[in-house]
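For reference, the chains in residue letters:
Protein chains: 2
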Amino acid sequence: MSKALPTRSENYSEWYNELVKRADLAENSPVRGCMVIKPYGFSIWEKMQRALDDMFKETGHSNAYFPLFIPKSFLSKEADHVEGFAKECAVVTHYRLMNDPVTGGVVVDPAAKLEEELIVRPTSETVIWSTYKNWIQSYRDLPLLINQWANVVRWEMRTRIFLRTTEFLWQEGHTAHATSAEAVAETEQMLGVYATFVEEWMALPVLRGIKTPNERFAGAVETYCIEALMQDNRALQAGTSHFLGQNFAKAFEVKFQDKDGKLEYVWGTSWGSSTRLMGALIMAHSDDSGLVLPPKLAPIQVVIVPIYRDENQLARISEKVALLVKDLKKRGISVKYDDSDAYKPGYKFAEYELRGVPIRLALGMRDLENGTVEVARRDTKTKETRTYEDIVDHVETLLETIQQAIYDKALAYREANSHKADTYDEFKEILDSRGGFIYAHWDGTSETEEKIKEETKATIRCIPLDAVEEQGTCIYSGKPSSRRVVFARAY
Amino acid sequence: MSKALPTRSENYSEWYNELVKRADLAENSPVRGCMVIKPYGFSIWEKMQRALDDMFKETGHSNAYFPLFIPKSFLSKEADHVEGFAKECAVVTHYRLMNDPVTGGVVVDPAAKLEEELIVRPTSETVIWSTYKNWIQSYRDLPLLINQWANVVRWEMRTRIFLRTTEFLWQEGHTAHATSAEAVAETEQMLGVYATFVEEWMALPVLRGIKTPNERFAGAVETYCIEALMQDNRALQAGTSHFLGQNFAKAFEVKFQDKDGKLEYVWGTSWGSSTRLMGALIMAHSDDSGLVLPPKLAPIQVVIVPIYRDENQLARISEKVALLVKDLKKRGISVKYDDSDAYKPGYKFAEYELRGVPIRLALGMRDLENGTVEVARRDTKTKETRTYEDIVDHVETLLETIQQAIYDKALAYREANSHKADTYDEFKEILDSRGGFIYAHWDGTSETEEKIKEETKATIRCIPLDAVEEQGTCIYSGKPSSRRVVFARAY
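If you're matching them up, the sequences are chains D and F in order. Just so we're aligned, residue 44 is where the first sequence starts under this note's numbering, counting upward by one. Just so we're aligned, residue 44 is where the second sequence starts under this note's numbering, counting upward by one.
Given that identical chains are not distinguished, each listed pair holds provided it fits within a single copy or across any two copies.
Computed list of lysine-lysine pairs in BS3-like fashion (alpha-carbon distance at most 27 Å, straight line):
(1) Lys-302 with Lys-46
(2) Lys-100 with Lys-90
(3) Lys-373 with Lys-90
(4) Lys-387 with Lys-302
Hints listed in this document are in silico derivations from the structure and should not be mistaken for laboratory results.
The shape of chain D in the complex, shown without the other chains (with noise of 0.2 Å):
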């Protein structure tokens, strides 16, 4: 609180960095590359969490857990799977520490060696695979609609907090299907689930789109995603839905019998969202003096503030005060009443300011004979004076406002921040002066998509679902396309 932020403009990932740690979000850990989701930040992500639990189970999906460690061959069994997986997991190799006969410090007992090295789970589809293989039979088994919330593990050599950590929470869907069809809508029903959670809740408009086979999760026939664009103009993927044919099910054997008693493997998808959607709510929307929350997912969402030189002025307002806050939580509205005497209002103003409460309502002597209450608006910074009468559903009103603008203004920005390309130059141009989406026109090669993300950085963050027909010429190789695709620089 004793200085300002970094700003935006001066230095972004010093002031995601500081925002994250003075809005008490989260902080490194004392383990190399895992963070510690601090009270406040975890109450944000457990607002996601509903909401999401929320819309898996309308969509007819169960929770289960599965187990955290994988044996070593089990991610072995898909051949792309432990490519893309392998180079990056924490192996358990024992299970017991002893003193050192030595040293008396605290050693790995060598006698107490894995026969079979286990995986802390990168992700869980072997596991849940190798399960459902006793878990169907027949078509009355399917479909079957799983999902975990769990922690995930992957080493990253590079790590920031929320966007990329060794341990991070996410949840995963894993489902099975008796025809193909089925598995795909089921995948895109997926990807609209968390198209709609980011927009409506996030409020984060987001590119629906198809990954090139590069980009495409490892095991996968296809990856369906959303992108969303942060404010220094960098694309952050924001979920991933994966159509994953009969992989795995051929991997661990998983055969279901159909209506007409023939024996078929299954199909099956699997889809993810994590902690990372925290960093992405973080970035899109905040400014230099702090978050930004929408207030779907604001831990509070109305602060009040009382002003006061004594403690008889307080317990005067306090008295009006109390009443309000009982009328506002009966809409459902989470209010807190700052009347704390350690800290004058300016301080509390900033500090709500940087924890990014949607709204402030300020009350002093002056309010109480006139009727009347301060509100200010935390995305706008503006503020107005209204009736006390009135402020109950004023505030109702003006939440819902507020969750409609960040969208607006995110969706602007976005709008504001995507180029067309014609040429590989005009591409170069835009991507080092100012970043953002760039449509272009692609050869549909893997080596074209590697030169380019080698010599600019970008990658093909998605090739869009709703794209356009379009005859055009590759950027790089100048070869035929039908479509553009479209690139960034990515978290």
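Got chain D sorted already, so can you dock chain F onto it with the hints?
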């Protein structure tokens, strides 16, 4: 479903294992000692989580998240703690796999050895107190009231689903206070929360007590516990709350400046409950026909089964049931209408009995004519016919009646199986013929406690908080004792 469960009297242990499997609660996973919690079992656990989480929040606690991994050296900082956990922890030694250059198989990459091994958390005191060091400077930072929902790993040699598994799910509260008295009050408050939850939600009466030094948590000054009695007359510890004194504050140098500016070590508590509670829930109430679930934790509280001969009859019944379902849902009752054509009513009855659905309603053509509904209670296996108009009110009341009846039955069972023993012979006779809780005098020494355990496998479950002063002599040593403690063989 095809054959009957083993009965409790035949083989209690097999009855439990089969019940867990057939009621679709959980199963052993391909990973040694780890379980898969299946959707039906997990939905019960979710209800338990929600209820406990609400109670934690009502008592001022916030959730947060700390790393899965603990550096080996952290574990050693508290002498008793490492002693208690080092012998059973999973150790991560490497962070990458590679293809074996000779065989081509996937092996641990020897070049990716960690400088310091990481332990998969068996409990999080060490990593949390190492974090609290930075969060606590002044008395104004206290109390710090935090809870975490997480998975933990303890390498158990003999495992049993829900009761003792290598990985399990739990919550662990970790709080920090300015005074010893406040920390003790917190420890006792959280024991009270557990007791209330287990009694009011799980319908299971518990003894509240203190553990002997032998049974104390590794690193605690005092361990409080709640103990429940299962139907095979073994005890099950259903939750523990630890007063940590300044042990972890000293191990991790966590000091605060008090109001007078003096630096003091912080006082701590920790408290936990786990998926073990699922085991207690199953073992305490269920019968030879399957699960018996207290209505407050039943994922489906009411199932409605139509009795019909043809499509036309089904349509008429379904029309009537639709209104009933709507009215029940309006009261917040979770109801399922099973109109599937794949199974006969008798099969469905057995299925829902096995799954412990508290109330089953059946409607046939005669019921339509007479304006009646058949109501069957799972707990008592009794049936009655009620009028259709009255049924929603009746179901609502009956759910409460059943919740209470299950509790009363468990309490009566415990009372019938609690005995006093005044001599060691009497003690052993009760233990071998009946088991249950045995109230006996004990001389207060670890030696006596260990001898009794060695000779009888009975342990001191607790020194009850409500024990009355009573002069007597230790059943083993004959030395004087001023109150009885509770012995039992335990899970």
